[in-house]
Structures are given as structure tokens and as C-alpha cells.
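**Student:** Residue-level listing of the chains:
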Amino acid sequence: MSTVLIMDAVAIERALARMAHEIVEADPPPEALAFIGICTNGVPLAQRLAVRVGAILQGEFPVGEIDISMHRDDLALRETPPAVGPSNVSFDVTDKTIVLVDDVLFTGRSIRAAMDEIADFGRPRRIQLAVLVDRGHRELPIRPDFVGKNVPTAIDERVRVHLVEVDGKDEVLLEK
Amino acid sequence: MKTDWQRKDLLSIQDLSVDEINTVLDTAAAFKQVGKRTIKKVPSLRGKTLVNLFIEPSTRTRTSFELAAKRLSADVININTTASSLVKGETLKDTALNLQALNTDIIVIRHSAAGAPHFLARLLEASVINAGDGAHEHPTQALLDALTIREKKGRIEGLDVTILGDILYSRVARSNIWLLTKLGARVTLAGPSTLVPRVFEQFGCRVTYDIEEAIRGADVINLLRIQHERQRKTMFPSIGEYTAMFGLNKERFARTKPDALIMHPGPINRGVEIDSEIADCNRSVILEQVTNGLAVRMAVLFLCSGGQMSEP
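Protein sequences appear in the order of chains A and B.
Note that this note's numbering has the first sequence beginning at 1, numbered continuously upward.
Note that this note's numbering has the second sequence beginning at 1, numbered continuously upward.
Since the hints were made in silico from the structure, they are not lab data.
Small disclaimer: the values here were computed from a predicted structure and weren't measured.
A portion of the hints provided could be inaccurate.
Mimicking DSS-like on lysine-lysine, the simulated pairs with C-alpha atoms at most 30 Å apart in a straight line are [claimed, not checked]: (1) K257/B / K32/B; (2) K149/A / K176/A; (3) K149/A / K2/B; (4) K176/A / K2/B; (5) K8/B / K40/B; (6) K8/B / K32/B; (7) K70/B / K93/B; (8) K169/A / K2/B; (9) K70/B / K40/B.
Reference excerpt, derived from the structure (chain A facing chain B, CB under 10 Å, subset only) [to be verified]: (10) G59; (11) E60; (12) A119.
All C-beta atoms in this analysis are idealised placements derived from N, C-alpha and C, irrespective of residue type, glycine included.
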């Protein structure tokens, strides 16, 4: 197995800075903008984006976190059941513009599950998708609105995202 | 992330490892939050069929399992003794095989015979969940009690837990004793000597007939209901005497630790084993036990439906 560094800490911060500007350019109503991260890595990324967008728009935006294990469609297909964590969305999502944040976009099934789960909390005005890495191989008609880096991959490769908040360092690795 | 859960059935606490118990409690904590959403339903068990096979009467446990299954999007059928072919002489085995022939995925069983769930689990491919078998075990009750203690006290290890009352035929007591001792709590049993035999010391807990001493140092006091419906006349002279000797009244309550939790599996007999005002006080977590029961049952159904099921 070989491992290639595809983003270092500087590249990740630069990508997030650009994504924050793109989120602002998409012209969300500032009073109704909120971020939701998908556990685990989507949460710190959502927090960083919220801070950056907050700096540009001179505001503070709520950040929620959701664990999609309960909404996955493959419970019976896995060897053992997934570890389910609590979701924590402390604001009302109804009529908000939600920026949904995840680290890697792959098949799109996690995003489908996340959108179903958000709908259980209320009815947002719209949901936009921000991902640090888009590695392709979609199995559902889902497309990101804000992308940190497009990484063409083979189906059997793995993209690993390490973040300071979770793993102590910022990097994106491609394992093959 | 994955759990290490490999079981298709939940039959007893005695079988479970400490890790498995903690997996159920952690999963339940996550499911508890679903009850606070606008839409209190997740699709985890969509397309699965659950049968509540209650050969012994029960309202709260059955309702809790039914609601747990519905919140997970499973379809639920309730079968109770009086309305089933069991009264026509059908055996439990045949009832179960018929349910399996209907492609049932999960059977929740309550039965007056200890071991009935184990019998079904060996017989069937479906998941079997024990909702109380005779005087043997009531695993989900012990798990919900543990979740409540963990939430309120932050831990279970090292706590002093007193279980007070009708222990002799209590499956709740047995499951609680297994679970709490596995997780490192010190368990004291107290009540009339006719209902709390010394033989329970073999479970690794302490037996005392001095109620004052049993409640004085307790971090948690779990009161068990006096089971009128079972033949209790020969066990103690009268309900009034039981209340006077062992009921948790205001005087005794005043001598408990100021942060001791008061628990009860319900239904409570106000004025018998517990004074009415104490049941409603802020240290009583009786209704939180009900809320946690739903979360624990969702977690158990979720875990037993995951993974190991072979695809057709």
C-alpha cells in the first residue's frame, strides 16, 4: 500500500478560505445561514467554515452536528452494527439556508442520509453541500456546491482526511 | 465507526460482556435524542417486521417496545395471550414457527416460563428479544436503569445501589444485579426476609434486613413493586405492615444521602412501597426511566438487526 499526500495544512486552509468566499458569493440571507457537519470530520470543517464566513459577513452562524448512522440504508449489509452517536442541532432548521459539510464526497449515500436526517428536524429553505475533497464515483444524483479539491481516484483507493481537532494534524492522504 | 456487537438476540444480561453493555448504553444515548426531533422517526428498520409476543400481561413494556419499533420504522404486530391460538392449545414452538413463516424479523417475547426466549432463539432465525421470562431476567429494564444511573451520576462503577422490596420472584432484580455488579457497583438487597433470601449473596451482592442501614449510604435506591397479583399473603402479614416496616416514607427519605436517586420500574403503588410525595420529588427519576426505556429498546432492536443477518 502506498500513501500520497494530496493536501497539507496550508492547502486545506487555503481551500477552506476559498470555499468560505464562495459560500458568501452564493448570497445566503445572513440571518438565516447555518452550518451542519456530518460526524466525525464534517463537524470541525463546518466550524472552521462558519468562523471564516462569520469573519467576512461580520456575524456568528450556528453549527450543528449530525450522525447519519440511523439513516443509512446498509444496516443489514454490514458485518456489525455501526456505532451511533448523538446528533446535535440546537437551532430550528426551518427556513434556514443550511450548508451541509463533509470531508470526502464519494458515493453520495452519506449525503442522502444526511439530507433525510435534516428533514426530520424541520424544513430548510435550501441545503447546499460543501466538501473538502470530491473523489468521484457517485451512486446517486448528488453534486457539491462548494469543493475544496477534486481528486480523481480509482474505486479501490481510499482518501483519508486528518484534522487537527480529531487527529492532531491537518492533511489529506490518498492510499492505494 | 463500528461496534463489536455480534448478537442476533438479547436474552439475558448474564450473557453480556461489559463492552456489550456499554455499546447498548452508548447507542441508547444517541437514540434518545430522536425523541426530541420534529419527526420522531428514523428509517433504520424500514421493511422489518416485529412481533410483540406477550404470553404474560404487560402494558408498559409492550407499549415501549412497540413505540421503539415504530420510531425505527419497523412494522409491529402485537399478540397477547387471550387473543391468540395459545388458548386453543397451540404450543409456543408452533406459534413461533408460524410467526417465522410470516417472515417476521424480530420477536419480542414475554413469558411466564424462564428460558422461553432462549428456546425460541435456538429455534428461529429471527432475532429474539427477552421482555421478561418468569423470575429469570428482564434485560431491557436493567439496561434502562443503568442508562438512567449513568446519566444522573456520570458513572456506575463504585456506586452503592440498594434494591428494596420484593426480590424473590423479581426478574428486574436479577437482571439489575447482574448488570450492576458487572459494571462495578456494590449492590445491597433489602426487604422482608421471606422476599429476600440469603441465597442471593451468591450473585455477589449483600443482603440485609436492616432497612435503615440499607438506605443510609446508598447512592441509588431502586424500589421494587409489591406484586399483589402474585400470591403474597403468606410472605408478610399485611400491606400496611410492609409499608410500616419497609416503605420509603418521609422519615426514612430524610435519612438518605442528599443526592441519592430514587428509582422504581413501575407501576408504582403510591403509599405502599413509596410515599406519594417522594415519588414526585426532584430526586425521583421514575419517569426518566420510562423515557430511557424507549431509547434502550430502540438501541437493542437496532443492534440486533445489524450486521450478522445473512442476505438471502
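**Student:** If a hint holds in the structure, say so; if it doesn't, say that too.
**Tutor:** Verification of the hints:
Note on K257/B and K32/B: the hinted pairing holds, with a Cα-Cα distance of about 29 Å set against a maximum of 30 Å. Restraint check: the Cα-Cα separation between K149/A and K176/A comes to about 18 Å, which is no more than 30 Å; the hinted pair holds. With a C-alpha separation of about 28 Å, the suggested pairing of K149/A with K2/B holds against the 30 Å cut-off. Proposed proximity of K176/A and K2/B is supported: the alpha carbons are some 23 Å apart, at most 30 Å.
Straight-line distance between C-alpha atoms of K8/B and K40/B comes to about 25 Å, which keeps the hinted pair within the 30 Å bound. A hinted pair counts as satisfied when its Cα atoms are at most 30 Å apart, and K8/B with K32/B qualifies at roughly 22 Å. Under the criterion of a C-alpha separation no larger than 30 Å, the hint pairing K70/B with K93/B is consistent with the structure, at around 26 Å. For the hint pairing K169/A with K2/B, the CA-to-CA distance comes to about 23 Å; that is within 30 Å, so the pair holds.
A distance of roughly 9 Å separates the Cα atoms of K70/B and K40/B; the hinted pair therefore holds under the 30 Å criterion. Proximity of G59/A to chain B is violated relative to the hint, the smallest CB-CB distance being about 26 Å (cut-off 10 Å). At its closest, the beta carbon of E60/A sits 24 Å from a beta carbon of chain B; the interface hint therefore is violated under the 10 Å criterion. The interface hint given for A119/A is met, as the beta carbon of that residue sits about 7 Å from the closest beta carbon of chain B, less than 10 Å.
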